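Protein chains in written order, with this note's numbering: chain A, 745 to 1106; chain B, 745 to 1106.
Simulated from the structure, these hints should not be mistaken for lab results. The model shown is predicted, which means the values in this text are computed figures rather than measured ones. Among the hints, a few may not be true.
If chains are identical, the list can't say which one is meant, so a pair holds when it fits in one copy or spans any two.
To be verified - Think about it this way: if two alpha-carbon atoms lie no more than 30 Å apart in a straight line, the pair counts; the simulated DSSO-like pairs of lysine-lysine are: (1) Lys844 to Lys1019; (2) Lys844 to Lys883; (3) Lys849 to Lys1019; (4) Lys829 to Lys883.
Number of protein chains: 2
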Amino acid sequence: MNKNIIRNTENPLLKPSDVVPSSKEFQVIGIFNCGVVRCLDETILLCRIAETVIHPEDENKVSIPVVVNKDGRDYFETVSLDKTKETAWDFSDSRQIILKGNALKIIYLTSLSHFRIARSKDGVHFELDQKPTIMPNNKEEQWGIEDPRITPLGDRFYITYTAVSPNGAAVSLIETKDFTSFQRHGIIFLPENKDTAIFPGKINGTYYCMNRPVPAVIGSPDIWLSRSVDLIHWGRHTHLCGVSSTGWENGRIGGGAVPILTDKGWLVIYHAADKRNRYCLGVMLLAADAPEVILAKSKEPLVEPLVDYEINGFFGNVVFTCGCLLDGSTVIIYYGAADDSICRIDIELEVIYEHLEISFPE
Amino acid sequence: MNKNIIRNTENPLLKPSDVVPSSKEFQVIGIFNCGVVRCLDETILLCRIAETVIHPEDENKVSIPVVVNKDGRDYFETVSLDKTKETAWDFSDSRQIILKGNALKIIYLTSLSHFRIARSKDGVHFELDQKPTIMPNNKEEQWGIEDPRITPLGDRFYITYTAVSPNGAAVSLIETKDFTSFQRHGIIFLPENKDTAIFPGKINGTYYCMNRPVPAVIGSPDIWLSRSVDLIHWGRHTHLCGVSSTGWENGRIGGGAVPILTDKGWLVIYHAADKRNRYCLGVMLLAADAPEVILAKSKEPLVEPLVDYEINGFFGNVVFTCGCLLDGSTVIIYYGAADDSICRIDIELEVIYEHLEISFPE
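Okay, chain A solo, but in the shape it has when bound:
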């Protein structure tokens, strides 16, 4: 194990048993992929919390958590499905109910995710809200909200996240000044799209973001760059970086942390999975004034799932990040381990540059 990739000794920093369920019928199965931002003297994590319905006694029944709207307000509710009646559906996967004979057609997810704020003075010990900070809505998020990323711009914070509904997994945008009240801007990327991170600053007068569409027929799950003048409407999409044909990133590749501007360019910690769904973190460096130019990119993973809490969990062999911070010369990566818990790794910038084989003219 690389001694320069420093896992925090208190990992996991947040785990399911730390979380008060949103409903007495629910159980928390994961607190993981979190957005991160430093605000005044606090580190703020916006955590994805996944819950399932506490299993019913009747083994022929499956209960699904959903969001319903009553009298204009959204509520969590439980839908009970009778396995013996739904003969066209396959209930064998604990994560989802699929159409028999078609693993790519999901009928229901078995868990539902929402977001909660956790705050810390030292970046290690976090106090987590007892209730949901952001609930999925009944309209475009019936199956939950996932993987938030936070970009500070001016006096606002912009949160991009996956909005999941029976119509697909899309990317939506929420704006906040204070993490108390939130303004929804709706879907910014049509399904299927995920892993959207807005760059924290205009580049040549334009906002940029990375995103990861999943085309059905032609192409692969690759990273694209999109451009905007107002953060709500996006266009001028260009392909940035694709999966490689072999190795650790031959399955899918996608944006990870919100990019950080360093003196060498935009530092992007991204995720990649192989065909066996082993998720690692890689890094690329994009030109400061032209993010379409990749100056350097990982040949090998920067971070691999190696320790117990990364290998074993709700979905094992996963390290996945939605945000990191630059503290002096240290990159602090907050990451989801095994779709189960939130952990922290510290890496010196110089170690990342060495990994990228960038020479130092000193």
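Based on the hints, put chain B in the right spot on chain A.
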């Protein structure tokens, strides 16, 4: 056959034998799905023309038309593939080369499409350009450009179309004043997306378009509405209309013609296919000041493939439109028949309203 659905007696109006190939190595296999606009005293069709490479004598070889860039200019070129060497590929489908055992992963298309203008004084007899009007570019359109739709706005025309490359099928935008010089605005919808039609006018200060993403895992090929302030950047996407579970529109549904504003609302001729890929035209009426509201929608197809040139062709049992015109009380639909030729159907508005079961308080 419904006598009020009037197929033009000169159908097909344009067919492959009317087209001069773009290269002496190419043959034209289709002139079909065309955008349409009336400009001064002319009807202008922007036609999709599909070409393949004239088959080589060696039966172990397959030749593919592609776009290459040399010295800053884009050219058509032929790539020769050796079937005996590419053992992982399946060459049995005449339309595409796919990965063996995975019909959903396309390696190459066997044909390449570009656009050509056809002009007519009477809307029936067309004069077609001898050379490509719009060529696919080498960057995002290596596998061609397909299914153009033309929206007039102010003194400009905005052309949306499918841009196909190994990175996926996306939607791009081109602007023109005169159909002679063209300004490219790049990709407006990420892969996989097609069937984009911009409404010909702002609605409550906002541009609207219909588009049809194809999500890989959750959801189906449905029609969405998107919003823009500048036509180049799009957001505030909402789901408009999904496939139905049975019948003629249970496979896919997508925008067809650019919407027409009538006194009853936006008239939208759309396409729908069943699971056997039989493509019909349906119609929906959207509220004039709120296109997210469907006032009425076809229960049965408005137009079905019924006559020889619709049933037989490069891809049979297809009627597909990218544009129609309102001439007095007559809707003139230009449509692609069997991915082969361009045809015309005339339908009185009143017939369409009866089809939609809209009553007339007269």
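Review point. Which of the numbered hints above does this structure break?
Key: none
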